[in-house]
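In order, the protein sequences belong to chains A and B.
Counting along the first sequence from 1, when you hit position 284 you're at 284 in the numbering used here, and nothing is skipped either side.
Counting along the second sequence from 1, when you hit position 110 you're at 110 in the numbering used here, and nothing is skipped either side.
By construction, these hints were calculated from the structure, which means they are not laboratory data.
Just so you know, not all the hints are guaranteed correct.
Result set (DSSO-like, lysine-lysine): computed pairs, CA atoms no more than 27 Å apart in a straight line [to be verified]:
hint, chain 1, residue 1, chain 2, residue 2
1, A, K220, B, K90
2, A, K97, A, K246
3, A, K684, B, K151
4, A, K220, B, K113
5, A, K684, B, K90
6, A, K263, A, K246
7, B, K115, A, K684
8, A, K202, B, K90
9, A, K257, B, K3
10, B, K113, A, K684
11, A, K209, B, K151
12, A, K209, B, K3
13, A, K220, B, K5
14, B, K9, A, K220
Stretches of chain B that chain A covers, calculated by requiring three or more beta carbons in the stretch to come under 8 Å of a beta carbon on chain A [stated by the list, open to error]:
hint, stretch
15, 34-42
16, 143-149
Quick reminder that beta carbons are idealized off the backbone N, C-alpha and C, glycines included.
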Amino acid sequence: MTKERINVSRREFLVKSTALGTGFSLGLSLPLASSAALGADDGASASALSEPEVNAWVVVQQDDTVIIRIARSEMGQGTLTGLAQLVAEELECDWSKVTTEYPTPGQNLARDKVWRSFSTGGSQGIRGSHDYVRKGGAVARHMLIEAAAEQWDVDMGECTVADSIITHEPSGRTTSYGQVAALAAEMFPPEHAELKDPKDWKLIGQPVKRLDTDDKLNGKQVFGFDFTMPDMLNAAIKACPVFGGKLKSFDDRKVSKMPGVHKVVAVNDDAVAVVADTWWQANTALKALPITWDEGPNAKLSSAAIDEMLDEGLSSSDNVFVGNQNGDVDKALKTAANKVEATYRYPYQNHATMEPMNATARWTKDKCEVWCPTQNGEAALEAAAEAAGLPIEQCDVYKIHLGGGFGRRGAFHDYVKQAVAIAKQLPGTPVKLLWSREEDMAHGHYHPITKCKLTGALDDESNLTGLHVRISGQSILASVRPEWMASNGADPVTFQGFQADGDHAISYTVPNLLVDHAMRNPPVPPGFWRGVNINQNAIYIECFIDELAHAAGKDPLEFRRKLMADHPKSLAVLDAVAEKAGWGKPAAEGVHRGLAVVKTFASYVAACAEVSVNADGKLNIHRIVAATDPGYAVNPQQIEAQVEGSFVFGLSALLYGECTIEDGAVVESNFHDYPSMLIEEMPKVDVIVMPSGGFWGGIGEPTIAVAAPAVLNAVFAATGKRIRQFPLANIKLREA
Amino acid sequence: MIKLKINGKPVAIDVDGSTPLLWVLREQLGLTGTKYSCGIGLCGSCTVHIDGEAARSCMVPLSSLDASQEVTTIEGLSADNNHPLQQAWKQLDVPQCGYCQPGMIMSAAALLKDKPDPSDTDIDASVTNICRCGTFNRVRSGIHLAVQISKGAKDQNNGEDAS
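Bound-form chain A, shown alone (with noise of 0.2 Å):
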């Protein structure tokens, strides 16, 4: 490499640096004081992203600390942590020096996506990322040697690396990625970058600790409801409470002489809201605040209304989409000796975010910051600048701490629109807008509600020879994301779980197989909630397979077995939870087993579930065996902690999550009547991770999809009784 190479190299890089922009960066853990600082230069700096940076994804420092970017949002999944593991592991640093922090996502787009995807959600987080991140950490490995190398004047070849110290084997001579980091800022990066062989991993499938626990023991940690900056302003919202209704006017004389009240506005064309001095204060303004509403069309919706709409579909032939088929459904069906048929139902349910919506923005008519939560920078960005009316250059996202995201804060930015609208009307002024728990409870983009009618058939030999699935029900695709959806019409993402092929391909060889789905979509915003589709569809199929079983007589663990000879992965999933459980062992004195596996977000998942019900009907969750082969395991402890908290999520939905709709709006309004589990019902969970390698699953989502059928499997087995309405809080499990 000849020195004009390089200085061409710097030059390219200087300039890319400069063109970055103006703003924060706000790294992962800002303590408050920090950010009043970062607010009080008043955006002027230039971007903090950290140097010097060996390439996008690598900083390293001269004390050998080593900055890892993460284009990807840390939500309590676990990502930030795995995908440092990711880079550390080929970039071989010292691992106990290894920081991180975000780019923007105007960055990015400056930098012509050099990070890539921000999107955080299809528990994509590591597998859709493995690849580049690891070339990343490799390619800096190559540039930091090649450094040493240049300033020894020896061949690189004769170099090796460990822990960030480099030793020049022939001479023994060390030095360390920190002395030469601002020498291999001036490299050109290697044509080609190896990637270790997994057998050779060092730091991938090791149980690190997280990188990010610290400041989340004392309250240091910033959340976006935590963020400030001098003179911000607090908002309060509310919106009409009826889907797609509008704001028709409000009497702000009412409120306006309130204690620290500056301003009421409209904001877009369906809600209002109160500028206080501090929250408290808009909302307390807000609740006193006269509004009067038009609310449109939907105004008499109900949930009984929304039933009538989808029994329709469970036997219509109209705006029907097949997602699977193979064989003679009909014919197989005609011919049995004995049809099985049953018909389920999945509510709305709302992600219920601990942290509720919020964004801070400040507007001018040259530039617009938000500082928020999201699942996803760059879609913040493009609703941060729709909404400033200003073109995406001028635009920033500066992406804080999400307290809880599960899909609700990926594909919708409402909330950052908002808060934008509502700056927009105070020039230069920062205001932070945050939903109280009521308005996020009632402005959802909520689980869709299907049902499902599904009709097997047994032969003489009590096989299936049959399987009719006719789901029923709304489309997410056709409300959130129409440029998915297929050539025809049909939502693939309807389909998870009953795929023939893929990420989310069916467990069972039928021979004779129809899978449907008659889209029909009520005017309540549907959206990807933790889990989507798979969520109803692995109960869908898993209890009504254990419905078959029981009709054919046989054990389930067998009945499933049988039709998995072509699903190996899967087979050895369920497997390993059945031994493990004891299945076929006899079980604690009144204790149930049940059992449910599926492969969705490419990875292979299985429960067995064991629980009790009193003679009052009380259930009683007592132990959930899961595995899981996710092809890889980057960090099998936080794995552990995903599919512990998969069971949260999923037996709080199966337990208690719904969302009615009376008068076209959602009738929960808090934790009081759309409660989630607690810890006095939270199961021992015993986590079996068994990666078979060769491919790359998610985590954060799969899990879930296994815990509610498990469950009711095994309350069948307890009770006699198949639950096919949900959530159980409804039911009486036993009769009085």
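Start from chain A and add chain B according to the hints.
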């Protein structure tokens, strides 16, 4: 002016007495470790200690407090993340998103004050905080580990005293 004692320090605040303690901590005093989530005393995210007892600060109007009462928030639980619960939480990687964890830790800390070696049933009865990420099993293990850490520290102190 309403006078209070927060984390051992006297403070005077000019605010409407009906304002809940939660919002005074957050918006007047900048102690944002105490979180809002439900505002109706159910979820426990806003748990603080008042005279050592766990209290849901969203339900405590400021006018109900006086300057003789000790209010402790997560920021005042320990000097350097060294409360046995914080040590245990760190050792077990308890938090996921972390939003509910200050309240969770404050609930657990009040329990340990009352019952230094709580049973699982004690934990069920006292730690009634909502966590949507689902950290419950590590929270439970964390409380039991904190008991061991406390006992270890105590044994060590006793040992030093004896020597």
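Hint-by-hint comparison with the structure:
1. K220(A) <-> K90(B): Distance of about 15 Å is within 27 Å: holds.
2. K97(A) <-> K246(A): 53 Å, violated
3. K684(A) <-> K151(B): Holds, because 25 Å separates the two Cα atoms, which is no more than 27 Å.
4. K220(A) <-> K113(B): Roughly 24 Å separates the two Cα atoms, so the pair holds.
5. K684(A) <-> K90(B): Holds - the C-alpha atoms of K90(B) and K684(A) are around 21 Å apart, at most 27 Å.
6. K263(A) <-> K246(A): Given pair K263(A), K246(A) holds - Cα atoms ~20 Å apart, limit 27 Å.
7. K115(B) <-> K684(A): With Cα atoms ~23 Å apart, K115(B) and K684(A) stay inside 27 Å; holds.
8. K202(A) <-> K90(B): 23 Å, holds
9. K257(A) <-> K3(B): 26 Å, holds
10. K113(B) <-> K684(A): 26 Å, holds
11. K209(A) <-> K151(B): 24 Å, holds
12. K209(A) <-> K3(B): 42 Å, violated
13. K220(A) <-> K5(B): At roughly 20 Å apart (the allowed maximum being 27 Å), K5(B) and K220(A) satisfy the hint.
14. K9(B) <-> K220(A): 19 Å, holds
15. 34-42: Result for this restraint: holds, n = 8.
16. 143-149: Answer violated; 0 residues pass the 8 Å Cβ test.
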